[in-house]
Amino acid sequence: MSDGDYDYLIKFLALGDSGVGKTSLLYQYTDGKFNSKFITTVGIDFREKRVVYRPNGPDGVGGRGQRIHLQLWDTAGQERFRSLTTAFFRDAMGFLLLFDLTNEQSFLNVRNWISQLQMHAYCENPDIVLCGNKSDLEDQRMVKEEDAKELAEKYGIPYFETSAANGNNVSKAIETLLDLIMKRMERCVDKSWIPEGVVRSNGHSSTEQLNEEQEKGRCGC
Amino acid sequence: MIDLSFLTEEEQEAIMKVLQRDAELKRTEEERVRHLPEKVKDRVQLKNMSGQWFYEAKSRRHRDKIHGADIIRASMRRKPATIAEVAQNKTSKAKISWVNNVNKEVFQPPDLHGIEEHQEEEQQKTSWSSKEVTPVLNKSEERPVKAAVSSVRQRRNPFNSTVSDDNLNNGESEDRPVIVPQLSKKEIWSLSEDSPPKSNLQKDETEKPERPFVELTDEPQKELVKRPVPKARKLIHKAADSGSQREDLVPKPTKQSEGVNGIGTTPRGILKRSSSSSSTDSEVRVSQTLDVQKKNGFATATIFEGEGEKNSLTEEAENSAQNSLEKLKQVRFSSISGKAKPLQSPQLHHGKEKGEHETLKYDKKKNSENCAIQSDSLGDKQIPAAKPLGTYSSALKIKKIDGLQEDASAASPCDSNRSDFPVNESFQTDTVTPKKLETPQKTSSNVLSNSSNERSADKTHEKKSNQILSHESESHKNFTDGHQLSAETEAHEASNTKSTSVQQGSEEELNPVLMALKRSADRKKPSKSLEDIPSATSNKEKINKPKEELVLSAEDVSTVTSQPDKPFSNPEKLKGLSKSVPSFLQEESDDRETDTTSESSYSFGRIKKSPSSLTNLSSSSGMASLSSVSGSLMSIYSADFGNVDVKGNIQFAIDYVEQLNELHIFICQCKDLAVADVKRQRSDPYVKTYLLPEKYRLGKRKTSIKKKTFNPVYNEILRYKIEKELLKNQSLNISVWHNDTFGRNSFLGEVELDLGAWDWNDPSCKQINWFPLKPRTSAITLPLENRGEMKLALQYVPHPIGGKKTLSTGEVHIWVKECHNLPPLRGNRLNSFIKCTILPDTSRKSRQKTRTVTKTTNPVFNHTMVYDGFRPEDLKEACIELTVWDHNKLANHFLGGLRIGLGTGKSYGTTVDWMDSTSDETALWEKMMNSPNTWIEDTLPLRMLMVAKLTK
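For the record, the sequence lines run as chains B and E.
Number 86 in full-length UniProt numbering belongs to position 86 of the first sequence; there are no gaps in the numbering.
Number 460 in full-length UniProt numbering belongs to position 460 of the second sequence; there are no gaps in the numbering.
Careful, some of the hints might be misleading.
Unchecked claim - Each computed SDA-like pair below joins lysine to any residue, with the alpha-carbon atoms no more than 20 Å apart:
#1 E:K41 with B:S135
#2 E:K39 with B:I68
#3 E:K41 with B:D5
#4 E:K17 with B:R47
#5 E:K721 with E:Q681
#6 B:K33 with B:K49
#7 E:K17 with B:T40
#8 B:K149 with B:L137
#9 E:K927 with E:K889
#10 E:K39 with B:V52
#11 B:K49 with E:N888
#12 E:K906 with E:L875
#13 B:K33 with B:N168
#14 E:K39 with B:D5
#15 E:K700 with B:N125
#16 B:K154 with E:N888
#17 B:K49 with E:A23
#18 E:K17 with B:I39
#19 B:K154 with E:A23
#20 B:K154 with E:K889
#21 E:K889 with B:L151
#22 E:K700 with B:E124
#23 E:K700 with B:E150
#24 E:K721 with B:E124
#25 E:K39 with B:D3
#26 E:K41 with B:L151
#27 E:K889 with B:Y155
#28 B:K172 with B:S135
#29 E:K889 with B:L137
#30 E:K41 with B:G4
#31 E:K721 with B:G156
#32 B:K49 with E:T28
#33 E:K876 with E:N821
What the hints assert, rightly or not - Residues on chain E that point at chain B, a partial pick, calculated with CB under 7 Å:
#34 V18
#35 Q20
#36 M49
No wet-lab data here; the hints were simulated from the structure.
None of the values given here were measured: they were computed from a predicted structure.
Beta carbons are placed, not taken as given, at the ideal position from N, Cα and C, and that holds for glycine.
Construct the entire structure; sequences and hints are all you get.
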């Protein structure tokens with residue numbers, strides 16, 4: 001799958017309680033398929049996908065496309081694999097934090113996951129996108145959208161209601177995360193010493209407001 | 001390493017496959033990165049595309065560059081080391097060390113970083129030269145960074161716009177050679193591919209963790225520790241497999257295995273050993289530590305590894321063992337609450353700094369002190385069920401309950417109190433464990449899971465191990481105490497009155513400290529809090545209460561651990577047990593999650609939280625919480641300006657980056673810093689900045705810690721996101737600190753710049769300059785400016801009317817009248833309240849506070865607090881700590897405080913840092929002492945204090 005013919009290797013990691021649909025979401029994203037059968041992930045797994053990232057210039061004109069190789073780590077939500085999965089946190093550049101909209105506990109545990117991330121990730125405030133999965137099961141919904149949004153806002157992270165079953169918002173969530181990462185990358189490689197023009201030429205992409213929020217937290221890099 | 005033995009074979013296989021795929025991807029990536037420089041000329045671009053930006057960020061946090069995948073891989077292959085293997089390791093040590101050196105950059109097991117660093121230095125030139133081998137593999141890019149490390153090169157100022165990319169690179173990187181991890185990986189791979197049966201990679205991984213044991217062959221005990229480890233783990237997981245899934249959490253099973261290991265096999269042996277340890281021979285005690293380690297199995301052992309390394313103490317294994325022992329002791333004491341406690345904490349605290357001799361002395365002292373008590377409590381032990389003479393005896397009780405009579409009896413006559421502690425602790429743990437399974441103890445399991453997570457995955461975060469330890473011990477205690485509690489509560493109810501009388505009987509023989517403590521513990525309700533009533537004590541109420549109080553507080557404690565905020569039904573109680581622990585822990589204390597700073601004191605504080613409340617609870621033992629006093633003195637800021645003579649210079653530059661709205665502080669280096677650790681002739685300096693006053697709460701920024709150097713080179717940029725306008729009212733405080741893993745960090749000097757006067761447009765202001773470090777003048781960080789003042793009156797009532805019997809103890813009345821001109825932290829919306837503690841007792845019971853007076857900087861409280869149990873001579877040893885806080889929903893902010901006492905620096909013969917009253921404060925206290933039954937009023941300026949951390 002990977003032939004090295006890409007510009008960036010970006011590593012994400014999906015985490016969240018067991019059964020919230022991490023594997024399914026990634027499967028939907030990479031393969032566009034859905035399997036309703038619950039197969040618990042053994043420890044750790046990953047999927048890959050090649051995408052093209054096109055940051056928008058300040059004038060709205062798309063910049064040069066960058067070929068991204070995504071490595072999407074899938075972790076076991078089960079407690080017993082916890083020590084194993086957390087070891088992988090440090091290698092991910094961004095995180096998809098999932099909970100199950102039909103399972104309130106999984107939502108309540110989001111906090112714990114975030115603190116786990118803050119503890120184990122490569123920096124104290126890694127980029128995270130919160131996904132309330134299984135949005136297709138509207139009739140079984142246990143978590144209010146406002147509540148989830150509020151929580152996400154509290155942490156200053158984007159929130160999406162996704163459905164691995166019908167693919168709703170799945171790529172959007174992951175692309176948002178990618179966008180955050182690319183932005184962070186630009187920030188990390190410090191441009192403060194570089195004349196203004198250079199900074200500009202790197203361009204800014206569309207989700208400016210998200211970025212704003214992220215900026216509030218100190219850049220950990 | 002992570003313990004993965006819980007994985008089934010199939011699972012291991014599946015995971016290995018995933019890792020294989022990952023390895024392939026990595027190889028591709030390495031290949032790509034290697035060719036990148038040919039295509040991409042722009043350095044920034046290159047950094048992005050190679051992922052170096054990420055690895056740099058990561059390495060700032062996780063000092064190693066290990067991939068999680070590699071950790072897992074290594075962990076899975078790892079087999080329990082047999083004795084033979086250990087021996088083999090020993091013999092092959094020489095060969096390995098070269099390999100290790102070469103690979104150092106690649107595989108630096110984080111836990112061992114300190115050790116390795118040390119070894120590096122020991123090997124001196126050799127290692128340097130072999131180190132040089134590594135970079136050859138790296139692209140030129142890394143060269144300059146290295147050079148910057150080895151030769152302190154004058155740097156170009158990044159704030160000058162002519163800066164080249166090179167500089168940028170340097171500024172961003174740490175002093176440790178930055179190697180593109182992919183490239184390093186390459187090495188590993190080639191190694192592992194080449195190597196015969198067991199790949200080098202694996203060897204490296206498996207062996208490195210053992211290296212400290214292997215290399216330090218003169219410390220055989222280390223090996224002793226090592227060996228039992230795998231065993232314990234095995235046991236754990238047998239147990240775990242059969243148990244529920246939750247049992248997979250590492251620490252829990254560990255305890256289970258203790259149950260099997262400790263009790264099942266050698267209870268007597270353990271006892272014997274530890275009782276022999278009551279001798280002051282340090283050797284013996286080391287072995288005792290080991291004993292404990294063994295019993296605690298893997299968990300403790302790991303922690304020890306971490307610790308030893310952290311302090312870089314492994315070089316003096318003796319020392320480290322000593323230290324860890326101390327640590328253990330602290331942990332134990334706080335939970336067990338022997339009678340000997342009072343002096344313990346302060347002494348331990350100092351002992352920490354002064355080294356082992358202090359501890360020895362201390363032990364002796366304590367032993368002798370406790371002879372009397374010992375005999376007392378022994379007497380009681382024989383009738384264990386009836387008289388709960390404190391936790392000590394109740395611990396024994398538990399033993400009995402669990403049918404371990406033999407141990408209990410073995411423990412009795414000749415054991416000194418001190419040696420009992422570890423034993424008891426372990427027994428408690430042991431014996432309780434089986435119970436634990438039956439009793440749903442939510443808290444403990446939560447804590448456990450926390451700690452397990454942290455520990456297993458974070459062994460690599462060397463810095464955290466301290467915290468982990470605390471977690472670990474906390475969890476130990478949580479359930480030990482839980483059970484103790486349940487046993488105890490009953491006993492309390494049954495024999496409330498009895499215990500009191502017993503206590504009073506023994507009181508006469510005790511030394512003053514104990515007595516004082518006893519008295520304070522005797523105060524069933526320590527003090528009355530009366531609002532708007534200047535004086536008047538309500539002794540009746542007090543007398544009526546005791547029984548109920550005891551039982552109640554037992555309940556309280558059990559809830560404290562699980563849900564500290566649970567409101568109590570009894571409003572009266574609420575008053576007494578105010579639980580507004582200021583959150584300066586999170587806010588201001590100098591602990592970093594990722595660094596060691598003042599973590600030890602932090603963790604002690606945490607350890608003590610629940611246990612010491614338990615201690616207090618079992619107040620029939622007469623054990624107040626003196627122990628927890630100065631050990632957990634926490635500073636709001638970094639504290640301990642200690643005795644280090646400030647010297648040296650710091651080189652830095654500052655700039656405001658308009659595009660980013662950021663203030664950048666480029667910390668280059670320091671020169672000729674003071675020696676912080678005189679004993680070991682070293683300093684581990686880091687630089688910290690604050691924007692003052694802390695109006696915008698931007699907090700501190702820190703550089704990395706450079707170990708063992710007086711001339712650290714940082715080249716790090718610290719940033720604040722802040723509007724330029726706002727900087728006008730700010731000053732930038734740059735301070736240099738020695739990072740002490742166990743003790744407090746010591747202050748090495750500071751520079752303060754008034755940013756209001758700063759001309760950002762003047763290029764000369766952007767230049768890198770040397771600044772002489774200055775000693776901290778007075779009030780910490782926050783300028784001495786007016787913190788406001790407090791009007792109050794004190795009165796000593798030697799013979800309170802209506803007191804029970806004709807006790808020779810009096811009461812201290814504190815009438816907090818009002819405050820003036822409190823510093824308005826948030827405009828004039830200041831909601832202030834005052835908290836009062838009588839040191840040395842920091843227990844929750846000793847804490848009182850006023851109501852919160854809202855929205856004024858001149859609050860009127862008119863609140864009288866009464867503390868009883870003071871003999872005239874106690875007044876000389878005690879100190880009233882009054883602190884003013886701004887009450888906020890999320891956190892209370894410290895505004896200022898007073899410490900009213902004699903300011904002698906000592907309490908009951910122990911040096912304490914809170915006896916630091918100013919002359920005004922001292923004068924007030926003296927007046928009060930000299931004119932009993934009279935209100936002495938004064939208005940005193942509030943000052944910055946290192947607030948004694950209140951135990952719950």
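These are the hints, each one checked on the structure:
no. : hint               : verdict
1   : E:K41 with B:S135  : violated, 46 Å
2   : E:K39 with B:I68   : holds, 16 Å
3   : E:K41 with B:D5    : holds, 17 Å
4   : E:K17 with B:R47   : holds, 13 Å
5   : E:K721 with E:Q681 : violated, 38 Å
6   : B:K33 with B:K49   : holds, 14 Å
7   : E:K17 with B:T40   : holds, 16 Å
8   : B:K149 with B:L137 : holds, 18 Å
9   : E:K927 with E:K889 : violated, 38 Å
10  : E:K39 with B:V52   : holds, 19 Å
11  : B:K49 with E:N888  : violated, 48 Å
12  : E:K906 with E:L875 : holds, 12 Å
13  : B:K33 with B:N168  : holds, 12 Å
14  : E:K39 with B:D5    : holds, 12 Å
15  : E:K700 with B:N125 : holds, 16 Å
16  : B:K154 with E:N888 : holds, 18 Å
17  : B:K49 with E:A23   : holds, 17 Å
18  : E:K17 with B:I39   : holds, 17 Å
19  : B:K154 with E:A23  : violated, 37 Å
20  : B:K154 with E:K889 : holds, 16 Å
21  : E:K889 with B:L151 : holds, 18 Å
22  : E:K700 with B:E124 : holds, 14 Å
23  : E:K700 with B:E150 : violated, 28 Å
24  : E:K721 with B:E124 : holds, 16 Å
25  : E:K39 with B:D3    : holds, 16 Å
26  : E:K41 with B:L151  : violated, 43 Å
27  : E:K889 with B:Y155 : holds, 18 Å
28  : B:K172 with B:S135 : holds, 14 Å
29  : E:K889 with B:L137 : violated, 38 Å
30  : E:K41 with B:G4    : holds, 18 Å
31  : E:K721 with B:G156 : holds, 16 Å
32  : B:K49 with E:T28   : holds, 15 Å
33  : E:K876 with E:N821 : violated, 31 Å
34  : V18                : holds, 5 Å
35  : Q20                : violated, 11 Å
36  : M49                : holds, 6 Å
In the structure shown, a violation is registered for the earlier hints numbered 1, 5, 9, 11, 19, 23, 26, 29, 33, 35, in ascending order.
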